[in-house]
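Peer 1: Protein chains in written order, with our numbering: chain A, 1 to 820; chain B, 1 to 559.
One should not assume that every hint holds.
Stated by the list, open to error - Subject to a maximum C-alpha distance of 30 Å in a straight line, what follows is the list of computed DSSO-like cross-link-like pairs (lysine-lysine):
1. B/K444 x A/K449
2. A/K359 x A/K640
3. A/K474 x B/K444
By construction, these hints were calculated from the structure, which means they are not laboratory data.
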Amino acid sequence: MTTAASALPPTPSAQHAALTAACTSIAPTFPLDRFIAVNPYWGFVSKPIDVAARHLQQLSGTSLLMKRSWFRQRWQSGEVTAAHLHTALERSDSSASIDDLQRLVERDENDQRTVLLLTHLADRGRDVGRHGSWSSFVTHSVSQLCASHFDAGQAAWSAKADAGLYRTWRAFAAADRSPALLMSCELRRLAAQLPDSHYELIEQALRELEVPTARVASYLSALLLDVNGWAAWCAYRRFQARLTGEDDEAVEELVAVRLAWELLLLRSGGGGKREALGREWLAARLLLPAEDAAPPTRDERALDWVWQHAVEIAFQEGLVAGLKGTVSKPEAGLPSVQVVFCIDVRSEPFRRGLEAAGKGIETLGFAGFFGLPIEYAPLGTQLVQAQLPGLLAARLRVTDVAASDSAAATLQARREARLGAGQSWLGFQRASTSGFAFVEALGLGYAWKLVQGTLGLSAPAPSEQVGLHESEQKRLRPRLVSNVAGNPLDLTARVELVHNILRAASLTGGFARLVVFAGHGSATSNNPHAAGLDCGACAGQSGAVNARVLAGLLNEAAVRQGLKEQGVLIPETTHFLGGMHNTTTDELRLYDLREVPDSHRSDLGQLKRALFEAGNLTRAERAPALGLEGDAASLLLAVKRRSCDWSEVRPEWGLVNNAAFIVAPRERTAALRLDGRVFLHDYRHDADENSAVLELIMTAPMIVTHWINMQYYASTVDNQRYGSGNKVLHNVVGGSLGVFEGNGGDLRIGLPLQSVHDGQHFRHTPLRLSVFIAAPRHAIEGVIERHAIVRQLVENEWLHLFRLDEQGVEQRRGQRWHAV
Amino acid sequence: MVGGSQANDRLMSSFTTFVAVFSWICIAVPALYMVGALLVSRPQGSRSAFAWQLANGLSVATLVAAAGVAVASSNAEPLADPLASLFGLTLAEGRLFSVRTDVLTSVMLLLVTFIGWVVVRFSRRYLDGDPRQFAYLRRLLLTLAAVSALVTSNNLLVIALLWLGTSLSLHGLLTHFAERSAAQIAAHKKFLLSRLADACLLGAVCLTAWSLHTLELDRIFEAVQRMPRLPTAVVISSVFIAVSVLLKCAQLPFHGWLIQVMEAPTPVSALLHAGVVNIGGFLLIRLAPLMAHAHIAQALLLVVGLATAGVASLVMLTRISVKVMLAWSTCAQMGLMLVECALGAYEMALLHLVAHSLYKAYAFLSAGGAVATQRVAAMAPRSGRPGLGVLLATGGLCLAVLTAGLSWGGVDVLGQPAHWFPIALLSLGLPSLLLNLPERRNTKVLVTIAMAAVGVAVCFGGGHIVFQRLLPHGPALSPTAAAPAGVAVVSLVALFVAHSWIRQRPASAFALWLYPRAFAGFHLDEIFTRLTFRLWPAKLPVSLHAPLVLPQTHESSSQ
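Here chain A stands alone, though its shape is the one from the complex (with noise of 0.2 Å):
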């Protein structure tokens, strides 16, 4: 397999390349204050699934599909069939049998895996209890430093370098005593005489290491999977960078980093033989995948991916016959209150409930942002969060205003006082001498603050309304108010804005006398993870302030006549509202309620009893999963003390057991139950001139669903790697960057064991995303045409796409449409 020409030393160029392509395959993770998911599997997608899936294995041993035993509960449990299982074969282009396909899963899969790196090398034949582990001293050590470079507020005391992270290092490893102390190996001379610059170091590791030209680029990844976390938090700061137009070159400095870790042991032995460990990695670097060589012939999991596909089939078969079925009409006559929720799957229970509780209630989905490319900086403090989806750069600011000029100015310094005196205090308590002085003068007060949180007497203030009273609060409303170079927008800009969005939503004609905005967002407490239950698409934030903003443009006399130039009429007797849907308790808020006229009063009344009854409703469907019981007062009244409950691990679902994304009419689904497991967007083909509609709908919502499928998906099948592991272990890491599980290792992305684990049983079913659009084939087609990574997503298997219309539905499938 390995040619004297491919042996040779890697060059620059292609050196580069390989290099790029590695630092491109590791997929991005939020901070947790805006921990918004994305599919961890992002820099592989231009691969079929399987292949990238046995990609994976080879550089890190993790595994894209669920344990076997699983396949076999499903089986055993009759939830998938024979006739799946059929199915899934023909679908496929395995010459198996079902029998073979049984036989599979009989047994558990062999997960041994291969060599890759030369600090795995090093552990080989060492006694681990007596002399410590290279994998995880090496880990341990990159990791700290990162966490130390990165930190963002923990550290009082840094000492924060210009220099890159890769110098920061090796100023580091040339004074650290650590490797001779823990592991016998001194390394300091060593590091010093590392080269000064990443890419230097990269090009004279690799020629040293002698790592053949065509395995380059898979040993970089198999180097940076190894510390997945902080390599995926340096993509971070990249997709960052580049979302504004600049670059950043933590992820290139970060392999500089693993890989100058396997110079250093390269050199020195480890501790070891030197000469043997040279030898065995001569050998143990021809192990690496390379780049353009025909995959294995032998697939471990190859089988599996039927069985995964099997299951699949299971769920959508219910679903499509479902969709098939009648398709409920619409009330006649116009409906009295339209709600347009968020198109996250905590909106469908709560919608279906309102629809039963009140007539004439129409609900809506659409993107929880609201089309609004925002930024909020919440008056009288230095913060600017985003409130949009991860892929995009915000373009309008947002800020708190007041009745009057004075009376916002007055809030202002109030909420500075207040912010500013509350550092001062935490300064004094967190310092080295004041520390102990405040122990002894506050401490006892702590026993009362233990009995709060014992007894989940305080719930907790969402962080926006910190510093403010509650009565302060009501006096501020966020609203539109410049670019975000500070430049006001006038009205046309912001007619424009508002007619896209109702465009997008749908929602031009047709307006009910009160159109709800709701947002929504979660309430719990004590959690690091909290930003993931709140609204994705405002970037991990309530929605709320997206709502409020979109209801105060659309109320505002000159939007509305604007609007009407644009032949959008809105009614004079139309009052626009913002909301938040609570998703932890199913409770529905509503702002603003001192501009409702008069005229709209009983309107409002109505819909509040059916927003209660609505909650009630949604509660009682959740109840089971939740484990509770009792009548609709108890559940509220349990539900809320959940989400102010400082030891809950499990306050709500989240988006557990989503499956799929359905882009049609309310129409076609009113009818369904469909247990909180789809995402909903309203969409009118008809309505929608050159499909322009469609094509925001499948590059936007349809990847940020998938991303948040995958993020799932990745969470359940490996949570080691990919999820963020137990939750009681949980140890914040630089104020927001992330979590360690426990004491320190890799930084932990994803979803924690507990969100989708309930101690004996997987909640969350690994299921891809099933996206059904109706739309002419023409109209998806073009878009898939337009767009490489819709293209890919979807003939690469990352998600099923399927057609809806009046005579049935049907899936695209190597690039052919099939009816199913």
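Given chain A's structure and the hints, the job is docking chain B onto it.
Peer 2: Coordinates of chain B only, in the frame set by chain A:
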């Protein structure tokens, strides 16, 4: 009988009744925990909810009992003399299970049962779904039983054995995730150190028994009081006790395990930091009548305590994860508590112990809020450094104002070394209020901060006065000598200057020199870890990750 003596008799009998009730409660509390531990061992199915309810009910019952005792004992006049009131379950010759019914017992019992209630309540939802939650609960209750019995005992041997028992049941909690090597290594280090500490304490027990012919605390104290100077055996015994305390209070350089046991569920950390690691301090306060005269032991505690408080509080500033930061903070606070014991300021040490327990339990249990805290920090107005000179001058000013104010109020500050340390501790702490001062300052902000400083001073002083009332024998036992108080104050000043320097001038040569060393924890733990690896390696669990294989052909070369 005459009327007066009748009244006296009635008083005596009500006192005896009170002591009897107190003693029975002291025995009932650990017994209740034990009953809980036995009952929850193997719950099945629907009984699992019952197990938690039972544990919760028991923890409430013990808390109520302890609170009752505390309230009653605060009014009971005779209890002001802690050495007088005793109750014994006579067992053969010695009174092995005798109980001390003094204020220290009631304060500690209240603390332990309160922390116990909080931790049990917290664990119920926190460990929901954990397949080994009942093994966890059993060990939790066992640990609480051992600690609550320990704080009431009047017998040195019983204390030593219960301390051993506490440590053993805690070991099971620390290795709750047995498959985690990091958990095993940290627990292993703790295991070795604790056994060494136990050996020291048992050595002390033997020497005391041999020399004083008793292990009951009241008799030991009586014997010691009668002696003009301590016999050599008792001196050695006191040093053993000090060493044992230093080992179990995670003092340098044996602190590594405390930092690394974040490998156990959060409530275990809360229990450990609030209810177990401080037992050493409790023991010193309990043995105050003995230890106050043991000058070598006191000197040892002073030096190690000061070094730990200083070093650990600097290292704490460099930590990048919230729980590890909290652990270093505990290490430093325990150091300070031991310094207070070494200075004979036992009432201060008890205040520190109790206040720190409550604070640290809260800090650990609410550690998940770190992200929200960070967000609030990001909202706050930018802070500007006040400047090194301002900070140092403020420290000096506070020192001068407090000294002058108290002297004016009639306190002989300079003449009584006992006042030096608390005054220095408070005055050198207050300047930290300026560390995060907003960049744009106005009078209003400065007034707020000044008011906060006054508030802190009042609370600080109030706490001291209250605890002095509770535990009046501290200063009486051993008036603080000038030399140790001077050393402690000078060390505090040095820490204050160093801390101000690195915070205000992080780019100075001194700060840059110190930072990597502090970040590495001065490599103290690594030296110790290496030693344990060599002498007594931990048995590590088989790695969860798939085994690594090399192809056949290369297998031979690796041998």
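Peer 1: Hint by hint, note whether the structure agrees.
Peer 2: Checked hints:
1. B/K444 x A/K449: holds (28 Å)
2. A/K359 x A/K640: With Cα atoms ~28 Å apart, A/K359 and A/K640 stay inside 30 Å; holds.
3. A/K474 x B/K444: Given pair A/K474, B/K444 holds - Cα atoms ~25 Å apart, limit 30 Å.
This entry satisfies every hint, going by the numbered hints stated previously.
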